[in-house]
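Engineer: The lines below spell out each chain.
There are 2 protein chains.
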Amino acid sequence: MFSIGEFSKLTGLTVKTLRFYHEQNLLLPSRVDGQSGYRYYSEDKIEIARMISTLRELEFTISDIHEILSQYDDEADILQYVEQHLDFISQRMKQDRLTIQSLRKILNKEKEAMKMMQAAGFEMQEKEIESLLVAGIRMKGRYCDCGKGFAELGKKVGRYMHGKPMMLCYDTEYREEDANYEVCFPVNEKCRSRNIEGVSVRELPAGKCLSLLHRGPYDELRRSYEVLMRIVNERNLELEEFSREIYIKGPGIIFRGNPKKYLTEIQLFYK
Amino acid sequence: MFSIGEFSKLTGLTVKTLRFYHEQNLLLPSRVDGQSGYRYYSEDKIEIARMISTLRELEFTISDIHEILSQYDDEADILQYVEQHLDFISQRMKQDRLTIQSLRKILNKEKEAMKMMQAAGFEMQEKEIESLLVAGIRMKGRYCDCGKGFAELGKKVGRYMHGKPMMLCYDTEYREEDANYEVCFPVNEKCRSRNIEGVSVRELPAGKCLSLLHRGPYDELRRSYEVLMRIVNERNLELEEFSREIYIKGPGIIFRGNPKKYLTEIQLFYK
DNA sequence: TTTACGGTCTACACCAACGGGAGAGTCAAC
DNA sequence: GTTGACTCTCCCGTTGGTGTAGACCGTAAA
Chain X
238 MFSIGEFSKL TGLTVKTLRF YHEQNLLLPS RVDGQSGYRY YSEDKIEIAR MISTLRELEF
298 TISDIHEILS QYDDEADILQ YVEQHLDFIS QRMKQDRLTI QSLRKILNKE KEAMKMMQAA
358 GFEMQEKEIE SLLVAGIRMK GRYCDCGKGF AELGKKVGRY MHGKPMMLCY DTEYREEDAN
418 YEVCFPVNEK CRSRNIEGVS VRELPAGKCL SLLHRGPYDE LRRSYEVLMR IVNERNLELE
478 EFSREIYIKG PGIIFRGNPK KYLTEIQLFY K
Chain U
238 MFSIGEFSKL TGLTVKTLRF YHEQNLLLPS RVDGQSGYRY YSEDKIEIAR MISTLRELEF
298 TISDIHEILS QYDDEADILQ YVEQHLDFIS QRMKQDRLTI QSLRKILNKE KEAMKMMQAA
358 GFEMQEKEIE SLLVAGIRMK GRYCDCGKGF AELGKKVGRY MHGKPMMLCY DTEYREEDAN
418 YEVCFPVNEK CRSRNIEGVS VRELPAGKCL SLLHRGPYDE LRRSYEVLMR IVNERNLELE
478 EFSREIYIKG PGIIFRGNPK KYLTEIQLFY K
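The listed protein sequences derive, respectively, from chains X and U.
According to the numbering used here, the stretch in the first sequence is residues 238 to 508, in order.
According to the numbering used here, the stretch in the second sequence is residues 238 to 508, in order.
Hints are not guaranteed to be accurate.
Unchecked claim - Simulated restraints, written as ranges between beta carbons of each label pair:
(1) U:Ser437 <-> X:Tyr309: 17 to 27 Å
(2) X:Glu478 <-> U:Asp314: 48 to 58 Å
(3) X:Gln308 <-> U:Glu389: 43 to 53 Å
Claimed, not checked - Here are some chain U residues the structure puts well away from chain X; computed CB gaps all over 12 Å:
(4) Gly358
(5) Glu360
(6) Pro402
(7) Tyr407
(8) Leu449
What the hints assert, rightly or not - Per the computed footprint, the stretches of chain X lying under chain U, defined by three or more beta-carbons under 8 Å from a beta-carbon of chain U, are:
(9) 256 to 267
(10) 288 to 297
(11) 303 to 313
(12) 344 to 354
(13) 362 to 375
Because the hints were derived from the structure by calculation, they are not lab data.
All C-beta atoms in this analysis are idealised placements derived from N, C-alpha and C, irrespective of residue type, glycine included.
Generate coordinates for the entire structure from the input sequences, incorporating the hints supplied.
Structural biologist: Set out below in structure tokens:
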């Protein structure tokens with residue numbers, strides 16, 4: 238006969254846990270001293286304790302263990318419990334996988350944005366941009382409706398996405414209404430052969446551009462455009478058909494309402 | 238201003254949850270009627286509620302959310318929280334993966350054993366056995382010491398294991414002590430090229446045998462051997478150097494103490 | 001015999017994130 | 001005024017234990 242402390246050391250279960258299992262009628266002491274209330278465990282309880290810890294390590298609930306131990310004595314008899322439990326754990330793992338995906342997405346998004354910021358700074362730069370495969374949806378109307386376009390694009394080609402969302406602006410001057418633009422995502426090669434309704438997949442040509450990183454809400458973008466346009470005029474550059482806006486950091490997954498930290502790269506291509 | 242019920246429908250959070258978040262100072266109503274105690278939420282609380290649900294979906298704790306919302310307003314600021322949380326979830330997933338592995342192992346073991354039992358029945362059979370790649374450790378001593386051998390074998394070649402554990406018995410008669418046997422595992426081809434100290438990897442030749450399924454504890458195996466030996470003598474068969482015991486079902490991972498359900502196949506090879 | 005010290009006892013509170021239900025009060029429409 | 005839907009507070013239950021307080025027990029040294 239072992240005292241509860243000795244039995245605890247033998248089985249690896251804490252004294253508290255042993256008392257709890259006693260209360261739950263899961264692992265009864267062999268004898269309880271009537272006067273002192275001390276619990277005493279005989280050797281044959283060790284095997285039961287081992288079974289219980291094994292089942293707990295497999296994350297069975299106490300009530301499952303209760304049923305299993307009181308009704309069966311062979312693994313073949315509890316296959317339905319095991320299968321059910323396997324389903325349960327698999328379910329949880331699936332959920333965790335999704336959670337991890339989302340968390341990774343947040344991390345990657347922010348880390349990329351930080352890298353971009355450090356690399357670029359907030360000065361105007363002249364850049365040589367390589368050609369870029371994109372999928373886009375042409376839009377007409379207000380700029381602020383672009384969200385719908387991005388949502389649709391996300392549904393249709395989200396899985397091929399390979400870079401930050403962009404906008405191609407076909408207007409030569411700012412328009413409140415009836416603007417002419419295209420929302421698009423850089424996509425990977427798998428998307429090239431796809432023919433998706435309403436979506437244009439094509440390669441944007443390489444070229445030279447003036448680039449400026451804009452920090453702040455979208456309705457202040459005009460100021461950055463003005464800065465760039467002054468330079469264009471000074472240098473007498475001839476602009477290409479459309480400019481690009483690259484949304485390096487927009488509304489986050491968690492925090493959406495702080496446009497002060499939005500980060501947008503404007504690229505004005507010239508010939 | 239929305240009543241708690243309306244706000245609940247808008248946000249997808251239950252009324253109970255909203256009251257709980259109020260109690261936790263996480264999502265305060267915009268106004269609480271002094272007399273009736275009714276909670277009223279203004280529109281700007283919707284965004285906060287969305288953030289909270291998003292964070293809860295990502296399985297952040299209430300206290301994490303509290304810190305996050307009260308101190309920060311941009312995803313870049315909470316990267317350390319996200320990373321830490323990612324670690325935590327990954328850890329849990331890793332644990333779950335192990336649990337699932339163990340549960341699958343139990344299922345597979347039992348299902349294989351059941352298949353074998355149904356296929357074989359408990360009659361003596363004549364079988365043609367194909368050649369079999371095994372890894373084995375030669376033992377001398379008592380049969381009941383074979384557990385140590387299997388443990389060592391499991392450590393050294395467990396990852397190549399490809400079938401039920403077996404024993405090769407080199408004795409022509411039963412010996413209590415000083416028995417001469419070899420514990421072994423069938424292994425896959427990856428093991429063939431390995432040179433592992435103390436372990437012999439080789440191909441057991443194909444051949445004909447008398448096979449009998451024995452159900453019950455190992456110390457009753459002799460009875461089944463006797464049954465087989467009578468037939469050997471009747472037919473005047475000449476036996477090969479060693480017989481095989483295949484442990485189709487032995488002590489389980491959970492239940493170990495019911496040898497009545499153990500299942501062992503005895504194979505006596507003859508020329 | 002007393003005292004010290006460690007082991008053990010019961011009983012209660014606590015964790016996380018709510019859900020259920022009782023009993024009472026409130027709001028808005030008819 | 002009444003009805004029915006809504007809301008309030010308060011308390012309990014969940015899961016698998018852990019932490020703590022205050023009392024009791026057992027054994028050995030002084």
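Engineer: For every hint, state whether the structure bears it out.
Structural biologist: To see whether the hints hold, each was checked on the structure:
{"no.": "1", "hint": "U:Ser437 <-> X:Tyr309: 17 to 27 Å", "in the structure": "violated (39 Å)"}
{"no.": "2", "hint": "X:Glu478 <-> U:Asp314: 48 to 58 Å", "in the structure": "violated (39 Å)"}
{"no.": "3", "hint": "X:Gln308 <-> U:Glu389: 43 to 53 Å", "in the structure": "violated (36 Å)"}
{"no.": "4", "hint": "Gly358", "in the structure": "holds (17 Å)"}
{"no.": "5", "hint": "Glu360", "in the structure": "holds (21 Å)"}
{"no.": "6", "hint": "Pro402", "in the structure": "holds (16 Å)"}
{"no.": "7", "hint": "Tyr407", "in the structure": "holds (32 Å)"}
{"no.": "8", "hint": "Leu449", "in the structure": "holds (21 Å)"}
{"no.": "9", "hint": "256 to 267", "in the structure": "violated (count 0)"}
{"no.": "10", "hint": "288 to 297", "in the structure": "holds (count 6)"}
{"no.": "11", "hint": "303 to 313", "in the structure": "holds (count 6)"}
{"no.": "12", "hint": "344 to 354", "in the structure": "holds (count 6)"}
{"no.": "13", "hint": "362 to 375", "in the structure": "violated (count 0)"}
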